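Colleague: Chains A and B, in that order, are what the protein sequence lines are. Numbering of the first sequence is given in my numbering, commencing with residue 1 and proceeding in unit increments. Numbering of the second sequence is given in my numbering, commencing with residue 112 and proceeding in unit increments.
Because the hints were derived from the structure by calculation, they are not lab data. Treat the hints loosely; a few may be bogus.
[Said to hold, decoys possible] Subject to a maximum C-alpha distance of 27 Å in a straight line, what follows is the list of computed DSS-like cross-link-like pairs (lysine-lysine):
| # | chain 1 | residue 1 | chain 2 | residue 2 |
| --- | --- | --- | --- | --- |
| 1 | A | K57 | A | K70 |
| 2 | A | K55 | A | K18 |
| 3 | A | K18 | A | K53 |
| 4 | A | K70 | A | K53 |
| 5 | A | K3 | B | K192 |
| 6 | A | K3 | B | K179 |
[Stated by the list, open to error] Chain B stretches covered by chain A per the calculated footprint, using a threshold of three residues with CB under 8 Å from any CB of chain A:
| # | region |
| --- | --- |
| 7 | 124-136 |
| 8 | 177-183 |
[To be verified] One-sided excerpt, in silico: chain A residues whose CB lies under 8 Å from chain B:
| # | residue |
| --- | --- |
| 9 | G40 |
| 10 | F48 |
| 11 | V52 |
| 12 | A81 |
| 13 | P96 |
As the structure is a prediction and not an experimental result, all values here were calculated from the model. We put the beta carbon where it would ideally sit given N, CA and C, even for glycine.
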Amino acid sequence: DVKVTQSSRYLVKRTGEKVFLECVQDMDHENMFWYRQDPGLGLRLIYFSYDVKMKEKGDIPEGYSVSREKKERFSLILESASTNQTSMYLCASSPPSWPQHFGDGTRLSIL
Amino acid sequence: GQNIDQPTEMTATEGAIVQINCTYQTSGFNGLFWYQQHAGEAPTFLSYNVLDGLEEKGRFSSFLSRSKGYSYLLLKELQMKDSASYLCAVRDLYGGATNKLIFGTGTLLAVQP
Numbered sequence: 001d002v003k004v005t006q007s008s009r010y011l012v013k014r015t016g017e018k019v020f021l022e023c024v025q026d027m028d029h030e031n032m033f034w035y036r037q038d039p040g041l042g043l044r045l046i047y048f049s050y051d052v053k054m055k056e057k058g059d060i061p062e063g064y065s066v067s068r069e070k071k072e073r074f075s076l077i078l079e080s081a082s083t084n085q086t087s088m089y090l091c092a093s094s095p096p097s098w099p100q101h102f103g104d105g106t107r108l109s110i111l
Numbered sequence: 112g113q114n115i116d117q118p119t120e121m122t123a124t125e126g127a128i129v130q131i132n133c134t135y136q137t138s139g140f141n142g143l144f145w146y147q148q149h150a151g152e153a154p155t156f157l158s159y160n161v162l163d164g165l166e167e168k169g170r171f172s173s174f175l176s177r178s179k180g181y182s183y184l185l186l187k188e189l190q191m192k193d194s195a196s197y198l199c200a201v202r203d204l205y206g207g208a209t210n211k212l213i214f215g216t217g218t219l220l221a222v223q224p
């Protein structure tokens, strides 16, 4: 069974802090993704990566960056957290052309 | 532009059949996925269509018409545990290798006794 693990289920941070969200997958998948999910807006893609050290902007990359130094790990970074980044963050991984598998999500609150 | 439409909410009765529709307008098409998401949990993969027609998997079936930009998810013999959000997602023409998906906002299904 594919396992996608996100480091925290719940996280509370303050405005202006640098925030790191970590995601690890154990199936040697090439592709990894970061989404945020907000009521009425659905899942929106922030960044994705199709190989180590490769990254591509998704639909809403502003205010975020990512890092993929190892194949199994994909990190999302909020450079200077703001209240409008309060959301549920979901990480996913997949091999090429196969369904994405999601982690349990991190509910992030920025105060 | 890219657009995926699904009804926001639906209600159905335990034991019945429900059909959740999804229409899409994307720059290209390279497959359509359905996911189920229970409240507070991760989305889980249900079905995948790339060619026209019906794909059946137990109580769940998914249909695709590429010429109409239309899909539906059919749930039979509804159970209370089927109460969840159902997400439609399209992989566009350039998303083959990277597997990039565009998601609809989801349909919240409530199954009543």
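Colleague: Each of the hints needs a verdict: does it hold here or not?
Modeller: Verification of the supplied hints:
| no. | hint | result |
| --- | --- | --- |
| 1 | A:K57 to A:K70 | 19 Å, holds |
| 2 | A:K55 to A:K18 | 20 Å, holds |
| 3 | A:K18 to A:K53 | 21 Å, holds |
| 4 | A:K70 to A:K53 | 8 Å, holds |
| 5 | A:K3 to B:K192 | 23 Å, holds |
| 6 | A:K3 to B:K179 | 36 Å, violated |
| 7 | 124-136 | violated (count 0) |
| 8 | 177-183 | violated (count 0) |
| 9 | G40 | 6 Å, holds |
| 10 | F48 | 6 Å, holds |
| 11 | V52 | 14 Å, violated |
| 12 | A81 | 23 Å, violated |
| 13 | P96 | 5 Å, holds |
Checked against the numbered hints above, the structure violates hints 6, 7, 8, 11 and 12; every other hint is satisfied.
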